[in-house]
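*Asks:* Sequences listed follow chains A and B, in order. According to my numbering, the stretch in the first sequence is residues 34 to 305, in order. According to my numbering, the stretch in the second sequence is residues 12 to 507, in order.
Hints listed in this document are in silico derivations from the structure and should not be mistaken for laboratory results. C-beta: ideal position from N, C-alpha, C; glycine also. Take these hints with a grain of salt, some might be off.
Below are the BS3-like pairs computed for lysine-lysine, each with C-alpha atoms no more than 30 Å apart in a straight line [claimed, not checked]:
hint: 1; chain 1: B; residue 1: K335; chain 2: A; residue 2: K98
hint: 2; chain 1: B; residue 1: K335; chain 2: B; residue 2: K323
hint: 3; chain 1: A; residue 1: K158; chain 2: B; residue 2: K16
hint: 4; chain 1: B; residue 1: K323; chain 2: A; residue 2: K98
hint: 5; chain 1: A; residue 1: K293; chain 2: B; residue 2: K16
A short, non-exhaustive set of chain B residues, derived as facing chain A with CB atoms under 8 Å [as the list claims (entries may be wrong)]:
hint: 6; residue: L15
hint: 7; residue: R317
hint: 8; residue: G453
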Amino acid sequence: MIEITIDGDTVEVPAGSTILDAARERGIDTPTLCYGETLTPVNVCRVCVVEVEGARTLVPACSRKAEDGMVVHTDSERVRTSRRLVLELLGSATDLSTAPEALAYIERYDAHPERLGAPPPPAPKLDNELYMRDYSKCILCYKCVEACGVDHQNTFAIAVAGRGFEARISTEFDVTLPESACVYCGNCIAVCPTGALMPTSEYELRAAGEWREQEQTETDTICPYCGVGCTLTLHTQDGEIVKVSSPDDHDVTRGNLCIKGRFGYTFVKPRP
Amino acid sequence: MPDLKLLEAPPSDAERDAIDAVVGVEADAGNRVARRDRHRRQLLLPALRAAQRRVGWVTPGALGYASRRLDVPPAEAYGVATFYALLSLEERPAEVLHVCTDLACRLAGAEVPEGAHPSPCLGLCELAPASLRTVAGEEPREIQLPETRLPVDGDRLLKGFPAGEALARARDLGPEGVMDAIEQAGLLGRGGAAFPTAAKWRAVAQQPARPHYLVCNADESEPGTFKDRVLMEEQPGAIVEAIAIAMLATGCEKGYVYIRAEYPLAQERMAAAIAASGHDIELRIGAGAYVCGEETALFQSIEGYRGEPRAKPPFPVEVGLFGKPTVVNNVETLVNVPHILLGDARPTRLFCLSGNVARPGLYERELGTPLRELLDDAGAEPPQAVLLGGAAGTFLGPDELDIALDFKVTLGSGVVMVFGEKADLRGAIHSIADFFREESCGQCVPCRIGTVRQVEALERDDRPVLKELAQVMRDASICGLGQTAASAVQSGLALL
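Just chain B, with the same shape it has in the complex (with noise of 0.2 Å):
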């Protein structure tokens, strides 16, 4: 990188200590970028947010210093801050109240108060209304409201198992044992896509190029998905120890968790099983982009750029974080490997329910329960809709409910949102077109634009319009975001 020309405007004090917390104190190399300051441009986004979570905004004097320490260019970091939903570059208080006006929190009736920000999914929705309280300064915190849980209740994923005795058993196995225990078990990805879990670890074990990366995806941001939360919570040793065994089996040597900003106490329950247990694992925090979930993206993001989706091929298994091939799996796929190795390899899901029903939560259920029983189970009002897998998912009609919850509908992240008899379904399409016009990155032209047609189309119910839009968003745009865009959307208006 050459020389670069930097915003004159200075950082303060406080924002100056906080970017030094992240990257350093500054070594003296007079007006030159120290050496030991190049190449660190991953630091950029922890950078961006100290400096922020410190004064409140991303001054231009913070994003000037971070610019110099980082040895990034000014305008990139500027694109990359912009990038953030949650870093503000204009001046606003040092508490900010975020408000879901997301799917399961409109069912809720979420409004928004005078001077406060709406916000897409919060990944509340068992507990909607909900909210997200931002407090900067010297102490700074994110309060996640309302504050009280409900108590979990499954047999397996979220009941836990011995600490320690997965990981030794792994230990005894070897990579092959562990990865032979996997494929055995058939398990396949939690996070939507259901790839098949051992054969991706394969991939990676075989690439001669090093280091390998492990990346846990806890960047859960799909519309009424909350069961990585909640695992995150409740189970964060489980999710470490998970982490380790994918590690030992597919030869990483670096583990990244990616949570989303919106999850204070799932990040600091995290952060503390993760300093327990001694492996050389990084937790790395968003800052509210949705298209982040998607395994490149988040690179991108982790390696201090926009996080915009990368071409596939090649895959991450080949070509991943830092280039470097690199193993991606969601929270609760990760969690499975360890019970799968202490013998139970039984193919519990994780589904999030809310919407009308009378008892909201996450329910642990075999694949293959039928989509009724779990309806009953939660005390789910008479639908006219039920949506499976979120925004990216698919709208249930009444007379679609007679189904198995496997992977042959679509599951995604387990998302099951109840639209009662007395629902605004209309509402909530819309409120799904907004949420995508939204979070597209705004890479490419189908998703660029598209989804804003979309949106206008739909208000004016231009029925033949929202068909050719869905198909050149499906067709030709870069990420999973673009290509699912336009799918509740249409199965949704197939109910109207």
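Only chain A is shown next, with the shape it has when bound in the complex (with noise of 0.2 Å):
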């Protein structure tokens, strides 16, 4: 076990643990938005920055590994600076709307996003029948590019090109998904914490004005398709189903489905 200090209350965390795990030890509610529990940090949000006594500069609580008598401060003023700048930072250059997690953290932090600019408009891409991308909504968090890598899916359809405020994610010279290696399991979707992936079926409910969330029931239940045995968790309103996922926690799927268990359900209720 290591033992470390964090905002003044000793913790202890066993070793490996990271300055995130040993924060959520002691209820300490640590802002995330390229962080999943089933995908390898990359901490590049930086909203989860901590400050650790002794270091130059703040570090990322989501990969850092506690130290034994290391002494972190989560909430100090420098903190509480940087959390909040970084969140103005992606206010001003993406379109927040549909990331409910962003949101929250930009009421909590005080951030007022539209001094240092205004994102840009919708560029809704609907290149294929199931899927909406909308990259003006894209944090650059990674975390689809690794659902669609090694973390899931082996299926490296997309990945990071270009550099700088003209990074992106893409496909192989941008071409459509069904040019691309794009399997379309839709693990990409789960992962995405900001709406930029979207089913197209929630698409097309929001844009008319019909995706009612609070509304919405959510069932478990089995896959029909094979043997495997996922659990699906169907996301229902008006008696229809709108979407479906999987738990993150669940011991085979770990959130992930392939395209039958995602988007094969229409035969549920034939559609009129």
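Two chains, two frames, some hints: make the complex.
*Replies:* Here is the structure:
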């Protein structure tokens, strides 16, 4: 076990734990955007930064391992300032209107992104029947790339291309998804924290003003297709399935599904 | 790696030959990737460079062929190719002129002619204005303009030593003896961070994991810096001997020298010196990315990934190139080693004098030399500002020049750039902000968006916002690029 001090309290955590793990152990709510329970931390969003005594700069809680004797401050003025500015920078360059976590953090840190710039207009890309991609909503958290790559799917249809402010998620030469290696598992959608990636069904309901998340019911069932037996969570609204997901903490799926489990539900109730 | 979906566009024969020259002729494996071609991703950048040098740009056919041969998903290969400023994913003429519009060349009145590309610092600041002509074809070449060179003058690093003597001495001393000598000499890194070299070497030497790698960081891209270029052009043999000594001391099985693409003459001379030495040292060439001078970004680049810096810790001495313990040393740091072993431990540094000076060039001086003395030697105009350490460094005002040049001040990579009373200092500050916007890798939010907002806030002279951006970039960026992206801007603004 490792002993560290967080915000004045001593915490014991197993060796190999991150500062984020230790903070959660203490019940401290640390904001995260690019961090995912089922993904390798990339520590790029920097919204989880904390102050470690003796360190020159702030450090990302999501990936920095706790070390014996470390003294951490998660809510110092310096930490709050950086978190606020990171959120303001994100909000000044990205349409966060469908990113509930980011919006909540913006409120919590009293961030005002508009003073630094206005986000780009919507730019939905509909080049296939199953997904909508709108990169004006992309915060470049790398989660979709990780899910498409070695963390989950091993399909490698997308990667980060370009550099700096021009960096973006792209297929090779920006070909359409049908021309790419995409297998439509939708595992990128499952991890996207901002709604930049959405099932087309959800996108269309939202566009029509008919997406009412608070009225939806979530029902767990088992996928009817193959023998793996993935747990499906059916999101239903007005008696219709509007989206399918799988729980992140499920032993088998870890939130992942294949094209059939995630999109092959229209047989349940034929559309008129 | 599973079977990949590949681009359908076929490569031309010329592209195929150019890529095969780097990765070897294709083994017959039907539609599959030949076994010997798997896990060879580290050849991706050399392969893409070879294709572009043959036909002028990276075509879909070439990218697809390189992907297939090296078992890299095309989307990832595209991500790598689009990371580098000197690789083009769009058709362009075989001959391209890259005109330096960075600090020293601006002061020298650089202008970009019709059809030419503006370029960040080309490391020819003492010869400003400078440019680089790239010529693709059967005999591809890169030409630095001007092609002339200034005579070098130094009585230690720039003077050299009898070849082979230092390595022989190192063999007599043995690894511990070499590291003791370096420690006693108090050698500190010359790349910018001034880390004790002996401590770094010992940390690698004691790592049980194998192999150990040595990387000579010759990706000198800090605006205003040209010392490593001159060293490589003038003393390639000394550098290779220094690398061999460092490899001996730290138990490195293999060495790499990573030189920026903008330095063709240095590449040529280093390649010749490496070939003549017989040591297991591989030369790698960049493709236009300042951030690849950051050590972990440099590993990523060698390994065939985007040059995005890694989180530290773990540090390279434990987990470095290919995940193995790695010594990374700057060219100038390494060249100190043979001199120390041969008994000359004087702490000299190479200072890159440029800007409004009568005699620009490389000045070898002992640490602690007064800045005034150096400015007088170079015939500096009365300055309104002096930039120390390059774009990641600090501007000093006319009343701050009575300092000694030692590690207490921001020497960084040894840049001393003089801005005379008539120089456009505001323009230079804007140019530095533009530089960081262009060179940010885009990985972390403070740097990717912060460097853009810094340019905008500078345009409207919004000092409070600039200060806030400076704080978040310094505190929350992943690597040194973002952490220093506001340093010169802030110190420069204070002088206006």
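*Asks:* So, for every hint listed, does it hold in this structure?
*Replies:* Evaluation of the provided hints:
no., hint, verdict
1, K335(B) with K98(A), "holds (19 Å)"
2, K335(B) with K323(B), "holds (14 Å)"
3, K158(A) with K16(B), "holds (22 Å)"
4, K323(B) with K98(A), "holds (11 Å)"
5, K293(A) with K16(B), "holds (21 Å)"
6, L15, "holds (7 Å)"
7, R317, "holds (7 Å)"
8, G453, "holds (3 Å)"
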